[in-house]
Amino acid sequence: MNRLKNSFETLKQNNDKALVGFVTAGDPDIETSLKIVTAMCENGMDILELGVPFSDPSADGPVIQRSSSRALKHDVSLKTVMDMIRKIRKITSIPIIIFSYYNPIMAYGIENFQPDAIAAGADGVLVVDLPLEESPELTSLWNQTDFSLINLVAPTTPKERMAKIASASSGFLYLVSKTGVTGSDGLDTSEIETQMNILRSVTDLPVCVGFGISTAEDVATVASMADGVVIGSAFERLIEENINSPELVSIIVQQTAEYKAATKQN
Amino acid sequence: MNPDIHFNSRMYPDTNGHFGPYGGRYVAETLMPALIELEAAYKQFLPDPEFQKALNILLKNYTGRPTPIFFAERLSRSIGGASIYLKREDLTHTGAHKINNTLGQTLLAKWMRKKKVIAETGAGQHGVATATTAALFGMECKIFMGVEDIQRQAPNVKRMELLGAEVVPVASGTGTLKDAMNEAMRYWVSAIRDTFYVIGSVAGPHPYPVMVREFQKIIGEESKIQIQELAGRLPDLLVACVGGGSNAMGLFFPFIEDQSVQMLGVEAAGTGIETGKHAATLNAGSVGVLHGSKSYVLQDENGQITEAHSISAGLDYPGVGPEHSLLKDINRVQYAAVTDQQALEAFSALCRLEGIIPALESSHALAAAMFEAKNRSKDDIILINLSGRGDKDLGIVGPLL
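As you go down the protein sequences, you meet chains A and B in turn.
Each residue of the first sequence is one higher than the one before, starting from 1 at the first, in the working numbering.
Each residue of the second sequence is one higher than the one before, starting from 1 at the first, in the working numbering.
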């Protein structure tokens with residue numbers, strides 16, 4: 001059973017869009033991180049992107065860089081992330097995407113990556129720094145089809161390249177809303193609309209939009225154009241700001257519910 | 001393993017920028033269109049006779065090329081082995097080979113009608129060279145530099161500012177060169193439409209490793225002619241230091257297919273490889289992906305990049321250019337490592353015996369070459385790339401010697 005496909009189909013039937021939540025695994029520590037993810041799963045998140053912390057996150061802005069550093073203080077590795085996914089899978093049936101830079105996957109072993117990820121309960125992977133040209137070295141080793149490769153599409157990606165990326169992807173496409181790194185401020189809705197129109201003309205895959213989306217208002221706007229909305233830095237910022245607060249988990253619960261309310265179409 | 005006699009250097013890189021299993025473009029899709037645009041411009045403009053003419057005039061009249069080769073007679077005699085020759089890249093404008101590359105890339109930026117250049121720097125030499133060529137072409141310039149390096153290399157910060165560049169402090173990670181490169185990549189993504197990123201070594205995503213090699217190979221091309229004029233034949237051994245590896249690729253590349261010429265790349269062993277505080281990526285690292293290319297890197301068992309250590313800020317980098325990884329694997333180039341202390345001794349020797357103050361980076365090459373020279377006959381010719389001058393290092397060397 002393909003959880004991603006199911007998820008998008010159910011959402012469509014309910015005239016709803018996907019709330020895709022990103023958090024760095026093990027931030028601020030493994031136990032709290034599991035509580036946060038559980039709370040998100042139970043309060044309306046439709047798809048989980050679980051970030052593998054990396055020492056050199058060159059595509060990420062300062063908020064996710066700091067979350068990565070916090071997790072690395074607890075020696076969180078891809079192996080730890082697999083363990084966390086095993087635990088999360090027991091409490092939820094939503095799709096889980098591993099979000100990683102390529103080096104931790106190489107160090108883990110590219111041969112073992114897919115079978116282990118599937119066994120743990122993951123549904124796909126987004127490798128930030130593995131573009132179309134390089135991804136076959138990983139995906140050519142895959143022999144199970146129920147595991148998606150999620151690819152990024154950028155505002156600067158030309159149409160023909162979008163088509164090639166789409167045909168190498170499964171599950172959904174991740175449209176980056178603006179040039180920049182994660183957590184950049186502001187939303188350019190006309191740019192998203194233009195890119196969405198081009199993407200729709202080259203693929204039937206669901207498209208989720210991310211980068212720079214932080215308010216419920218942003219979520220509603222993007223949800224009206226795309227199949228899903230990805231929130232990353234905004235969650236990480238909440239974790240950072242409330243890191244010592246006993247209310248941390250309930251703050252995340254509240255925010256998740258608020259975002260979820262905004263994805264629902266009238 | 002024997003050297004691969006079938007190795008043909010013109011076969012590398014392939015169309016996607018791979019040097020055998022290394023190199024490539026491991027970057028987020030947000031950077032890919034810019035890299036594709038850069039590759040197209042590089043392929044179009046570099047062979048253009050007008051571009052080459054403009055570059056050659058600047059290399060001659062602005063940089064001071066060709067740099068001479070000098071027979072280090074007193075140094076050679078003091079060792080009592082092979083004859084040591086020095087390729088004097090330290091005599092270029094700004095005092096290091098880095099300017100060969102920044103002139104080329106900034107000229108390319110100009111031809112691409114980009115208005116701004118950015119660069120990362122560790123020791124500050126590449127930053128100074130980029131600030132220099134940006135001033136020359138009237139372009140806006142931002143240099144990303146780790147906060148640790150800003151402390152260690154204050155005179156170069158001042159030089160960059162005098163040249164009109166903005167020095168952007170980078171506090172993330174370890175506050176050193178690798179973090180400056182991460183930050184430059186982040187900035188580039190957000191400013192991609194009007195900004196050219198000048199990478200300082202044969203590292204980074206394709207086309208940088210091949211492009212930087214093309215701009216640096218003039219070192220080896222000149223050397224090949226000069227050494228034959230001076231000594232009547234090709235050298236037996238080439239020696240160059242390797243951080244990212246641009247001065248080494250520049251010297252080695254034109255000799256790669258000359259099977260009689262041995263090559264030695266010299267990494268920084270810091271306080272000793274066994275202490276864990278070193279920058280000997282090829283000697284003690286493993287294959288990984290950092291800053292957009294696959295190569296040897298210093299990393300832990302989980303694939304987290306570890307910190308490099310060297311007395312020489314220019315070698316203090318946990319990665320290495322992908323072509324070096326290939327040259328190591330096929331055994332065409334040998335890679336040794338020299339400690340801080342050995343480099344300091346070589347530094348001192350050259351100062352006193354030849355009246356030349358070498359950069360600490362180049363002192364690593366010198367130390368390894370002096371060791372090699374000892375076990376060779378005086379008919380043997382060793383050519384060292386003296387990649388930079390040592391004035392910038394006086395603050396570090398002063399208290400130690």
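Please note that the accuracy of each hint is not assured.
Said to hold, decoys possible - Computed list of chain A residues with no C-beta within reach of chain B, every gap over 12 angstroms:
1. T32
2. E240
3. I243
4. N244
Claimed, not checked - Derived DSSO-like pairs (lysine-lysine); straight-line CA-CA distance at most 30 angstroms:
5. B:K277 <-> A:K73
6. A:K159 <-> B:K217
7. B:K115 <-> B:K217
8. A:K159 <-> B:K277
9. B:K43 <-> A:K159
Calculated from the structure, these hints are not laboratory results.
Quick reminder that beta carbons are idealized off the backbone N, C-alpha and C, glycines included.
Measuring Cβ to Cβ, find out whether A:E240 lies farther than 12 angstroms from everything in chain B. At about 15 angstroms from chain B, A:E240 clears the 12 angstroms cut-off, so the statement holds.
Straight-line alpha-carbon gap A:K159 to B:K277, limit 30 angstroms: At roughly 48 angstroms apart (the allowed maximum being 30 angstroms), B:K277 and A:K159 break the hint.
Take the C-alpha atoms of B:K43 and A:K159, compute the straight-line distance between them, and say whether it is at most 30 angstroms. Between B:K43 and A:K159 the Cα gap is close to 23 angstroms, so the pair holds against 30 angstroms.
Beyond 12 angstroms from each Cβ of chain B, as asserted for A:I243: holds, 18 angstroms
Taken at face value, is the distance from the CA of A:K73 to the CA of B:K277 at most 30 angstroms? Holds - the C-alpha atoms of A:K73 and B:K277 are around 20 angstroms apart, at most 30 angstroms.
For A:N244, which was marked as not at the interface, is the minimum beta-carbon distance to chain B over 12 angstroms? holds, 22 angstroms
Taken at face value, is the distance from the CA of B:K217 to the CA of B:K115 at most 30 angstroms? holds, 27 angstroms
Verdict on A:T32 as a residue remote from chain B, using beta-carbon distances over 12 angstroms: Consistent with the label, A:T32 stays out of reach of chain B, its closest Cβ about 20 angstroms off (over 12 angstroms).
Between A:K159 and B:K217, is the straight-line Cα distance small enough, at 30 angstroms or below? Distance of about 37 angstroms is beyond 30 angstroms: violated.
Hints 6 and 8 from the list above are not met by this structure, while the remaining hints are.
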